[in-house]
Structure formats: structure tokens, C-alpha cells
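Number of protein chains: 4
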Amino acid sequence: MRLLFIGDIVGRPGRDIVRQSVPGLVVERTLDLVIANAENAAGGSGLTPEIYRELVAAGVDAITLGDHIYRRREIFPILQREPNIVRPANLPNEAIGRAWATVKARNGTLVGVVSLMGQLYMKPIDSPFTAADRVLSEMPSDVKVRFIDFHAEATGEAQLLGRYLDGRASAVLGTHTHVPTADETVFPGGTAFQCDVGMTGPYDSVIGRRIDRVLETRLTANPTAFDVATGDVRISGALVTIDDETGRATHIERVCVRECDVPRLEALGKRS
Amino acid sequence: MRLLFIGDIVGRPGRDIVRQSVPGLVVERTLDLVIANAENAAGGSGLTPEIYRELVAAGVDAITLGDHIYRRREIFPILQREPNIVRPANLPNEAIGRAWATVKARNGTLVGVVSLMGQLYMKPIDSPFTAADRVLSEMPSDVKVRFIDFHAEATGEAQLLGRYLDGRASAVLGTHTHVPTADETVFPGGTAFQCDVGMTGPYDSVIGRRIDRVLETRLTANPTAFDVATGDVRISGALVTIDDETGRATHIERVCVRECDVPRLEALGKRS
Amino acid sequence: MRLLFIGDIVGRPGRDIVRQSVPGLVVERTLDLVIANAENAAGGSGLTPEIYRELVAAGVDAITLGDHIYRRREIFPILQREPNIVRPANLPNEAIGRAWATVKARNGTLVGVVSLMGQLYMKPIDSPFTAADRVLSEMPSDVKVRFIDFHAEATGEAQLLGRYLDGRASAVLGTHTHVPTADETVFPGGTAFQCDVGMTGPYDSVIGRRIDRVLETRLTANPTAFDVATGDVRISGALVTIDDETGRATHIERVCVRECDVPRLEALGKRS
Amino acid sequence: MRLLFIGDIVGRPGRDIVRQSVPGLVVERTLDLVIANAENAAGGSGLTPEIYRELVAAGVDAITLGDHIYRRREIFPILQREPNIVRPANLPNEAIGRAWATVKARNGTLVGVVSLMGQLYMKPIDSPFTAADRVLSEMPSDVKVRFIDFHAEATGEAQLLGRYLDGRASAVLGTHTHVPTADETVFPGGTAFQCDVGMTGPYDSVIGRRIDRVLETRLTANPTAFDVATGDVRISGALVTIDDETGRATHIERVCVRECDVPRLEALGKRS
Ligand SMILES: [Fe+2]
Ligand SMILES: [Fe+2]
Ligand SMILES: [Fe+2]
Ligand SMILES: [Fe+2]
Ligand SMILES: [Fe+2]
Ligand SMILES: [Fe+2]
Ligand SMILES: [Fe+2]
Ligand SMILES: [Fe+2]
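Protein chains in written order, with the UniProt record's numbering: chain A, 1 to 272; chain B, 1 to 272; chain C, 1 to 272; chain D, 1 to 272.
Don't read these hints as lab results, they were simulated from the structure. All figures in this text were calculated on a predicted structure; none of them were measured in a lab. Certain hints may be false.
Simulated pairs of lysine to aspartate or glutamate, EDC-like, Cα-Cα distance not exceeding 20 angstroms [said to hold, decoys possible]:
no., chain 1, residue 1, chain 2, residue 2
1, A, Lys123, C, Asp67
2, B, Lys123, C, Asp142
3, A, Lys123, C, Glu259
4, C, Lys123, A, Glu216
5, B, Lys144, B, Asp243
6, D, Lys123, A, Glu216
7, B, Lys123, D, Asp67
8, C, Lys123, A, Asp67
9, D, Lys123, B, Asp243
Partial selection, computed: residues in chain C whose CB lies under 8 angstroms from chain D [unchecked claim]:
no., residue
10, Arg163
11, Gly167
12, Arg168
13, Val179
14, Thr181
15, Asp183
16, Ile207
17, Ile211
18, Leu219
Cβ atoms here follow ideal geometry from the backbone N, Cα and C, with glycine treated the same way.
Starting from the given sequences, assemble the full structure and let the hints guide the process.
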């Protein structure tokens with residue numbers, strides 16, 4: 001199967017390009033499943049029920065989040081009820097949302113979906129290593145394809161988790177830094193890995209925010225509204241090919257959709 | 001002119017591939033200047049006089065460092081005396097080493113070399129923004145080509161510094177995370193930018209260190225020796241083309257030299 | 001002269017006990033000057049012009065702040081205009097507010113007032129050591145009594161700054177942790193020192209906030225409103241005796257005003 | 001029963017004053033149990049078997065540690081075998097050492113001993129809240145007196161854990177900042193609490209280390225050997241009175257032994 005993972009969708013620009021491009025991408029790249037990290041989808045921080053539905057309608061089959069997960073209380077019922085959205089599994093047991101989910105791909109394959117957060121340079125949280133062990137053992141053994149979004153800051157921690165899970169997950173793909181890394185690879189055990197798949201939103205920005213605002217605050221300590229930027233909108237993600245029988249990844253490649261690609265993808269998507 | 005910047009050289013594997021490949025790269029890529037970050041060159045941490053000389057002999061024209069700069073006291077005299085090695089300019093004034101240097105490229109162009117460190121998720125240090133202003137104003141105005149290694153953890157801080165210096169530096173290229181980012185670009189003002197150019201050393205590792213050791217410590221809290229790994233050695237860096245008259249970058253591309261490239265480069269280098 | 005420094009005033013409970021008690025404390029303790037840290041005075045975070053005036057009316061002669069200084073934009077004009085309120089001196093030069101102030105004590109002595117912030121475990125900021133040197137050299141040399149509020153997290157950094165400034169400041173007293181330390185002392189050079197003078201506000205709390213709210217967020221990751229608590233309100237501070245001629249401190253003692261002390265202090269204050 | 005808890009013993013000066021004073025303190029203060037944090041006992045960092053035995057011989061009945069626990073490998077067998085020394089309970093399950101211990105006090109009462117580490121501004125570690133729940137439920141229910149050393153940086157986290165465990169532990173006393181806080185109290189449920197009991201070692205120092213060395217490194221970024229200081233040695237700790245039947249604390253007071261107290265305590269100790 002072919003799985004596309006879309007990195008942190010930031011604000012309206014990010015949502016717009018997802019809505020315009022994902023149906024066409026499904027056709028163009030013969031995708032069986034689309035997973036997206038939506039922690040910045042609502043005005044740059046958090047997710048709302050409306051946006052959740054907008055993304056699902058656009059062809060996003062499963063959603064992960066990150067440190068901004070609980071920024072909007074309206075999303076709590078969605079986190080509790082909907083079967084295709086997960087919270088980071090290493091949050092406390094009492095945290096709202098499910099620790100893992102399974103979704104069915106277009107080709108009929110069941111896919112386990114997990115979100116984990118890093119500990120280094122993040123808010124205090126329990127070990128993603130222990131949580132990964134727990135979640136992977138809870139999943140039905142017939143779910144061979146297992147996807148993990150590792151929402152983390154430090155490259156060393158991402159690499160270590162990827163190596164730790166090599167052979168036990170089909171893919172360990174990073175989010176949170178909003179910058180794609182050029183290290184996509186399949187580890188020897190069959191786990192596709194990339195430190196960060198990058199951000200889906202405006203690249204004429206500082207990790208999605210208006211440059212002038214972030215700069216003013218940095219130079220003067222004066223707080224400003226870090227509004228979502230608007231220029232040079234892209235989808236950034238990774239496309240992983242996975243053997244459905246074994247759950248082993250066979251290939252990973254970076255995906256970047258730019259504004260100039262949108263008309264073509266829109267046309268492709270409408271025809272389908 | 002064409003400038004190659006080589007990311008954090010890690011241990012003997014990193015030094016070996018630099019020594020074997022750089023002379024050939026100079027020929028193959030028609031390089032005018034080679035700058036390298038050598039903060040991990042000595043056993044994974046710091047730099048020694050011998051290794052400094054080894055790198056210079058291999059064709060490295062200027063050297064930057066980072067948080068590990070003072071790990072080996074033997075390097076202090078080199079930092080004080082040699083004209084082609086700089087300390088991070090936002091360290092205290094009293095810190096050993098020069099805050100900027102100029103080196104002459106093979107084509108005769110003078111190039112200013114600066115190192116700065118990030119503040120976010122790093123040890124306390126003064127603002128790299130203020131230090132950049134100071135250092136750039138100290139440099140002779142006829143030094144048009146100005147190179148900055150930004151040794152930093154957080155992508156947002158790297159992007160912000162790059163945008164801040166757009167038009168004032170020829171290149172702002174990152175180091176420290178040991179993972180190359182896929183965001184190389186030339187900003188509108190003519191500054192080449194990349195969050196991190198990646199590590200030069202063993203990629204079958206956790207940011208250069210033995211996987212088993214780092215994993216044991218993470219899983220048990222038991223300290224282990226984080227020895228430099230050995231497998232899948234690469235040079236990772238970026239090649240920037242710069243207009244000598246204006247100092248504006250016109251192009252940037254990622255460079256990755258793998259073990260299979262070494263024989264070809266060695267042959268090329270010997271012929272020169 | 002006798003100088004009372006009042007630690008972080010938190011919300012209405014903190015302001016109330018200051019208003020009720022400070023006039024009486026001035027009488028009871030024969031105070032020549034009252035300085036207060038007001039960074040949490042407005043609803044637990046920041047300061048407003050009204051609260052600034054309320055505190056001054058209550059007998060607070062000078063005000064320092066901390067990391068929450070710019071939380072309320074309304075305070076900006078006060079920071080720019082009023083002569084008895086300072087911003088942390090190691091913020092960027094462009095930051096709003098004055099880097100130091102002088103105020104006249106009841107006994108006629110001029111007192112220099114400085115605020116500095118720590119670097120360790122705080123948001124990125126320039127060195128308080130360098131900023132202290134700069135500010136102390138800017139102050140007129142006839143200002144012998146020099147007070148420094150060091151708003152910092154780490155005890156080691158506080159002790160180091162205190163030792164560094166020993167003999168150059170009359171007092172280096174800490175704020176920010178909201179817990180008084182039992183280490184008040186006068187260093188050999190004549191600098192009164194205490195890592196933290198503690199918080200002025202509700203002690204039946206978690207550093208001033210409602211226990212139930214902070215606990216829920218910690219246990220579930222669910223964000224809650226960290227409202228200011230209400231029970232067991234205290235003033236916490238330090239009283240320093242200083243030789244006006246030399247600026248050297250001769251004594252420091254912790255001050256704690258509890259709710260049961262308020263009626264007595266109110267009566268004393270009204271009589272004056 | 002009366003329990004003395006001695007904060008972080010730092011180097012030889014700390015060990016010396018413990019050896020000289022604890023036997024006398026047992027007499028003078030009619031102590032039933034002495035617990036000490038020894039994470040800095042060996043040259044300022046870690047613990048060795050010899051020093052473990054030295055402390056036990058001096059009258060220390062149980063030992064806790066902290067982030068420096070594994071600095072010396074020689075201590076591993078002691079951590080595995082000895083019944084009166086614990087590792088932080090929120091380290092990974094695989095970490096060497098026991099997660100809790102019970103020791104018998106001089107009056108015959110069994111006392112549970114637990115160490116936990118904070119998450120805020122510390123290296124990544126699992127929740128001390130969850131670990132406290134687990135460890136307290138594992139302890140035999142007839143162990144009514146339960147002591148917890150909370151080795152943490154942030155006051156807010158310490159207060160929150162203390163409030164969380166109020167009524168379930170006899171005492172939650174902090175270590176790690178090396179500065180005693182003036183907030184010792186018994187919470188309504190019967191838990192004695194203090195953010196930090198302070199350091200046992202040289203106070204003419206920066207948290208136990210030579211001032212000149214720490215200052216040089218801070219001002220120049222030049223690493224120096226942070227040797228243990230020598231002047232103004234003190235024991236800092238807290239004395240808690242606990243009802244053996246219920247395990248509830250009834251009183252807590254700070255304890256400070258200074259060099260001038262040593263002759264008296266030595267005489268007292270020898271007589272016993
Ligand atoms: Fe995030
Ligand atoms: Fe994000
Ligand atoms: Fe580094
Ligand atoms: Fe490095
Ligand atoms: Fe603060
Ligand atoms: Fe505060
Ligand atoms: Fe510690
Ligand atoms: Fe310690």
C-alpha cells in the first residue's frame with residue numbers, strides 16, 4: 001500500500017492547499033491512505049470540529065496532533081468519539097482522546113495509527129519509548145501496517161525512537177519542527193523514517209508565522225500576535241510504500257506540493 | 001565563487017572521509033572555498049591542534065565550531081593564533097578565539113567567516129541577532145562575501161536569523177542538529193539559507209554516536225560511553241554560488257558524499 | 001537606611017494585603033523605602049496603570065517586574081514615562097521601559113533600582129552579568145545605595161550574580177520562584193543577598209494559583225484556567241539595613257506578613 | 001517519631017560535618033531516624049561504596065540520591081543489594097536500584113523511603129505523580145510512616161506534588177537546588193512539606209562549588225573544574241515529627257548545623 005503523511009497543517013493557508021490538492025494527490029500518486037498532522041490547523045494552534053470535518057471531507061483518512069492538541073476545547077468530543085483521530089499516546093492515561101486507532105485504507109488494509117511526543121526540549125511528558133511498547137502490544141496482531149507520528153524537537157531523540165522501533169512499525173515519521181529533513185530512509189528492519197516531514201502552510205514565514213511579528217518580538221521582547229503568514233504555501237509530507245502482508249516499508253520519498261502544482265491537482269481531483 | 005560548507009565533522013570517520021574526498025570535491029565541483037564545522041572532530045567532541053592541521057591539509061580553508069568548542073584545552077592556542085578559525089561571536093567578549101575572520105578564496109575573493117550560536121534549547125548565551133549586527137559592522141566593507149554558520153537547535157530561531165540577515169550575509173547555514181534539512185533556498189535579498197546542512201560522519205548512528213549505547217542509557221538511565229559510530233559514513237554540506245561583486249548568493253544545493261563516492265573523489269583529488 | 005523589598009505581588013489578594021499593610025509596615029519597621037516586584041499583580045500576570053497607581057498610593061516607592069512585564073499593553077506608557085518603574089536591564093535595548101531608575105528614600109537618600117533576569121531555565125535573554133556591569137557604570141557615582149531584583153529560576157545563577165556584584169550593589173535579592181529561601185545573608189563585600197524573597201499573595205496555592213486547576217492540568221494535560229488562589233494570603237519580602245554613606249548593607253532579615261497581622265498594621269498605618 | 005532529613009551532602013566537607021555531627025544530633029534532638037540525600041557526596045557528584053559505608057557508620061539510616069545517582073559505577077552493587085538506599089522511583093523500570101525501601105527507626109517504627117525526581121528543567125523522566133501512586137500502593141499497608149525526597153528544580157512542581165500527596169505521605173521534602181526554602185509547613189492532610197531542605201556542604205560557594213571557577217566559566221565560556229568549595233560548612237535539613245500510628249506529620253522545622261556547633265555535637269555524640 002501507499003501511504004501519504006502530511007506534516008503540521010498550519011492555519012487557513014494549510015487547510016486550503018490540503019482541500020485543493022489531496023483529492024488530486026490520491027489519484028496522481030495512487031494513494032491508499034492519507035494521514036495528516038493537524039495540530040496547527042485552527043488559526044495556527046489546535047483543531048476545531050469544523051476543521052476536522054473539512055479535512056476528512058478533503059480526503060484525510062486519519063489525524064494526529066501534538067503539543068497544541070487541547071488548545072480548543074471544542075475538539076474534545078471529536079477526540080473522544082471519532083475513530084480516526086488520536087492523541088499522543090504518552091500523555092497521561094486520563095488525557096482526552098484515544099491512544100491509538102485503526103483505519104481502513106482504500107485497498108482494504110487495516111492501518112494502526114499512533115502519535116507520540118518527544119521529551120527533549122518539550123513540556124514534561126512520559127517516555128515515548130515505553131508508550132510505544134504499550135500501544136504496539138495493545139494493537140491487534142493482524143494489524144500489520146503501523147504508522148507512528150513522532151512529534152518531537154530533537155533529532156537525536158527522533159533517530160533513537162526510529163531505531164528502537166525498527167521492525168515493529170512500518171513508519172516513524174516526525175513532525176513539530178515544521179521543517180522537512182533530508183534524511184528519509186528505510187531502516188534495515190523495514191521501518192520508514194524521517195526526522196521531520198515538514199509543515200503544510202506558508203513557507204514565506206517563520207515556521208508558519210508572519211516574519212515581521214516574530215522578529216519584532218525577538219528584537220524588542222514586545223509580545224505581538226504571531227498571525228499565520230500567507231506566502232509560498234506548500235504541502236510537505238512523505239509517501240511511504242508498505243508491504244501489506246508484512247507491514248514492512250519498502251520505500252519512502254519526500255512530497256512537496258507548491259502553489260504552482262495546485263491547478264493540476266485540482267483538475268485531477270475533480271475528475272475522480 | 002563557489003563555496004562548500006561541510007557540516008559537523010564527527011570523529012575519525014568524519015575526518016577520514018573529509019581527507020579522502022575534499023581534494024576531489026574541489027576539482028569535481030570547482031570549489032573556490034571550503035569551510036567546515038569541526039566541533040565534533042576530536043573523538044566526537046571538540047578539536048585538537050593535530051586535527052585542525054589535518055583538516056587544513058585536506059583542503060578545509062576555514063573552520064567554525066559550536067557548543068563543544070572548548071572541550072579540549074589544547075586547541076586554545078590555535079583559536080588565539082590561527083587566522084582561519086573562529087569562535088561563536090555571541091560568546092562573551094572574554095571568550096578565547098576571534099569573533100570573525102577573513103580568508104582568501106582560490107579565486108582571490110576575500111570571504112568573511114562568522115559563527116553564531118542559538119539561544120533556544122541551548123546553554124545561556126547572548127543574542128545572535130545583536131552579535132551578528134556587531135560583527136557584520138566590524139568587517140571591512142570591501143569584504144562582500146560573508147558566510148555565517150548558525151549553530152542552533154530550533155528551526156524557528158534559524159529561520160528568523162536567516163530572514164533578519166537577508167541581504168546582509170551571503171549565506172546563513174545551520175549546524176548542530178546533525179541532520180540535513182530539505183529547505184535550502186536563496187532568500188529574496190540574496191542570502192542562501194538552510195536550517196541545517198547535516199553531519200559529516202557515520203549515519204548508521206544516533207547523530208553520530210553508537211545506537212546501542214545511546215539506547216541503553218535512554219532505556220535504563222545508566223550512563224554509557226557514547227562512542228562515535230562507524231557505519232555509513234557521509235559528508236553532508238551545502239554548495240553555495242555567490243556573486244563576488246555583490247556578495248549575493250545565486251544558488252544553493254545540498255551536497256552528500258557517500259562511501260561509494262570516495263574512490264572516485266580520491267582519484268580526482270590525486271590527479272590535481 | 002532601611003529598605004523593604006516585597007516579592008512578586010500576585011493578583012488581587014496580593015494587592016489587597018499590600019494596600020492594607022504597607023503603610024503600617026512603614027511605621028512599624030521604620031522603613032525609608034519600599035520596593036515591590038509587581039509582575040503578577042494584574043490577575044496573576046502583568047501590571048496595569050490602575051494597579052501601578054494603587055501600589056504607589058499604598059506606599060510602594062519603586063516597582064520591578066519580570067518575565068510577565070509586557071503581558072498587558074496598557075502598561076507600556078507607564079513603563080516609558082514614570083520615573084520609579086524599571087524593566088529588566090538585560091532585555092534588548094529596544095525593549096520598552098527604563099533600564100534603571102533612581103528614587104529618593106524618605107530619609108533623603110538616593111537609591112538606584114535595577115531589575116535583571118536570569119538566563120537559566122528562562123526564555124532566551126542576554127547575560128545579566130554584562131548588563132549589571134553596564135547599568136552600574138551608567139548610574140551617577142553619588143548614588144551609593146543600589147538595589148537589584150534578580151528575577152531568576154536557578155539558585156546557582158542567583159548565587160553567582162550575588163557573588164559577582166558583592167561590593168558593587170547594596171542588595172541582590174531574588175524573585176520569580178515565588179518561594180522564600182532561608183539563605184538571607186550579607187556577603188563579605190557588603191551586598192545583602194537572598195535567592196528569592198518569596199511571593200506576596202495566597203499561599204494556599206501552587207505558586208499563587210488554584211491547586212485544583214494546576215493539578216488537573218498536570219494529571220490530564222487538559223488546559224485549565226490557572227486562576228489566582230485566595231487562601232492564606234501573605235506578604236513575603238526582605239528588610240535590608242544599608243549604610244547610606246557607603247551603600248554597604250549591614251543586615252538583612254526575612255519579612256512575612258500574615259492575615260492575622262493585617263488588623264494591627266492597618267491600625268498603625270491609619271494613625272500615621 | 002522524630003525524623004531528620006539531611007539535604008544533598010556535597011563532597012568531603014559535607015561528609016566530614018555529617019560524620020562529626022550526626023551522632024550528637026541524634027542525642028540532642030532525640031532522633032529516631034536519619035535520612036540523607038547523598039547524590040553529591042563523592043567529590044561533588046555521585047556516591048561510592050566507601051562513602052556509603054562512611055555515612056551509614058555516621059548514623060545515616062537511609063540514603064536517597066538524584067540526577068547524579070549513576071555517576072560512579074562502583075555504586076551499582078550497593079544500589080542493587082543494600083536495603084536502605086533507593087533510586088528515584090520514576091526512573092525507567094530497568095534502572096539499577098530499588099524503587100522504595102523500608103527501614104526500621106530507633107523506636108521500632110517501620111518507615112517507607114521513596115525518592116522521586118522532577119520533570120521541569122530536568123532531564124527527560126516519567127511523571128513523579130504516577131510513580132508516587134505506584135510506589136505508595138506497592139508499600140505494605142502497615143508501613144504508615146512514608147518519607148519522600150522530591151529532587152526537583154521548580155518550586156511549582158514541588159508544591160504540586162506535595163499537595164497531591166497530602167495525606168498519603170508523612171513528608172514530601174525537596175532537594176537538588178542546594179538552597180533551603182523558608183516554607184516548611186504541615187499541609188492539612190498531615191504531610192510535612194518543604195520545597196528544598198538545602199545543601200550539606202560549603203556555603204561559601206556557588207551551590208557547593210568554588211565561586212572563582214564557576215564565575216570564570218560563566219564570564220568567559222572557558223570550562224573549569226568545578227571543585228567543591230571549602231568555607232562555611234553546614235548541615236542543612238529538616239526535622240519532622242510524625243505520629244507513628246497514623247503516619248501524619250505534626251511538626252516540621254528547619255535544621256542548620258554550622259561549624260561552631262560541631263564541637264558541642266561531637267562531644268554529645270561521643271558520650272552516647
Ligand atoms: Fe508541535
Ligand atoms: Fe506544529
Ligand atoms: Fe553542537
Ligand atoms: Fe555537532
Ligand atoms: Fe517571573
Ligand atoms: Fe512571578
Ligand atoms: Fe541534583
Ligand atoms: Fe545535588
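Now for the hints, and whether the structure bears them out:
1. A:Lys123 with C:Asp67: Holds, because 18 angstroms separates the two Cα atoms, which is no more than 20 angstroms.
2. B:Lys123 with C:Asp142: Violated, at about 37 angstroms.
3. A:Lys123 with C:Glu259: violated (36 angstroms)
4. C:Lys123 with A:Glu216: holds (16 angstroms)
5. B:Lys144 with B:Asp243: holds (9 angstroms)
6. D:Lys123 with A:Glu216: Not satisfied, since the Cα-Cα distance of roughly 32 angstroms exceeds 20 angstroms.
7. B:Lys123 with D:Asp67: OK: lysine 123 of chain B and aspartate 67 of chain D at ~18 angstroms, within 20 angstroms.
8. C:Lys123 with A:Asp67: holds (18 angstroms)
9. D:Lys123 with B:Asp243: The hint is violated at about 46 angstroms.
10. Arg163: At about 5 angstroms, which falls below the 8 angstroms cut-off, the nearest Cβ of chain D leaves the hint on arginine 163 of chain C intact, so it holds.
11. Gly167: violated (13 angstroms)
12. Arg168: For arginine 168 of chain C, the interface hint is violated, since the closest Cβ of chain D sits about 14 angstroms away, which is over 8 angstroms.
13. Val179: holds (4 angstroms)
14. Thr181: Holds. Min distance 5 angstroms.
15. Asp183: Interface hint status for aspartate 183 of chain C: holds (5 angstroms vs cutoff 8 angstroms).
16. Ile207: Since chain D brings a Cβ to about 5 angstroms from isoleucine 207 of chain C, closer than 8 angstroms, the hint holds.
17. Ile211: holds (5 angstroms)
18. Leu219: holds (6 angstroms)
Hint violations for this structure: numbers 2, 3, 6, 9, 11 and 12, all remaining hints satisfied.
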